[in-house]
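Okay, here's what each chain looks like letter by letter:
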Amino acid sequence: SQTIHQWPATLVQPVGSPLSLECTVEGTSNPNLYWYRQAAGRGLQLLFYSIGIGQISSEVPQNLSASRPQDRQFILSSKKLLLSDSGFYLCASGREINSPLHFGNGTRLTVT
Amino acid sequence: KQEVTQIPAALSVPEGENLVLNCSFTDSAIYNLQWFRQDPGKGLTSLLLIQSSQREQTSGRLNASLDKSSGRSTLYIAASQPGDSATYLCAVISQTGFQKLVFGTGTRLLVSP
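Note that the protein sequences, when read in sequence, are chains A and B.
The first sequence runs 48 to 159 under this note's numbering.
The second sequence runs 2 to 114 under this note's numbering.
Honestly, the hints are just simulated from the structure, not real lab data.
Here a beta-carbon is modelled for each residue, glycine too, at the ideal position from N, C-alpha and C.
Don't take every hint at face value.
[To be verified] Chain A is faced by these chain B residues, among others (derived, beta-carbon under 8 Å): (1) Leu45; (2) Leu50; (3) Ile94; (4) Thr97; (5) Phe104.
[Stated by the list, open to error] Stretch-level coverage of chain A by chain B, calculated; a stretch enters the list once three of its residues show a Cβ under 8 Å from a Cβ in chain B: (6) 93-105; (7) 145-151.
Based on the provided sequences and hints, a complete structural model is requested.
This is the structure in structure tokens:
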């Protein structure tokens, strides 16, 4: 089965600093990869998804970007963090349409 | 645009009770519906996936049903235990647009010993 590795688990960054969150997947190849954000008291918001290396789609305009340099590596970045970027970031991986989505343990980002 | 709603937002029950969590969605053109569990500060764990052609799925004490035409799903938990305490989320994959999961905001369940 798939295993999703995310790091770091927690991160405290000042406003205006850069960000890089990494996600790697084990146990599958050519997965669809996703970045979700979960803000306090709100549902999961899809930020980016990728169906292959170098193929990134953005769901909402924002201060973040994503890259997929390798088949099982997905990176979330920002050049300058905003207070509103605080939240719980989750990476997910999926294969066929009717197979479960697998999630990492998330990164808690606090922008101060 | 697909919207997913979960009721109730929070639920507190004594150990041993059977309980039902509700999920509704606005667009019935879906590929599947998935139920997840989220423990505090953790990622999501997939519990059950019901394909659009199916009516229900069972795993242990969990049973999920799907009524696609009415846009509803229920998650039934039998003989609840304190270890069941978590947030339960449902999500659907719509047939329109990219095949992404749209999540509800979850039901926070507390089972007291």
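Here's how the hints hold up against the structure:
1. Leu45: 4 Å, holds
2. Leu50: 5 Å, holds
3. Ile94: 7 Å, holds
4. Thr97: 13 Å, violated
5. Phe104: Holds - the Cβ of Phe104(B) comes within 8 Å of chain A, reaching about 4 Å at its closest.
6. 93-105: holds (count 3)
7. 145-151: holds (count 7)
Comparing the model with each earlier hint shows a violation of hint 4 alone; every other hint is respected.
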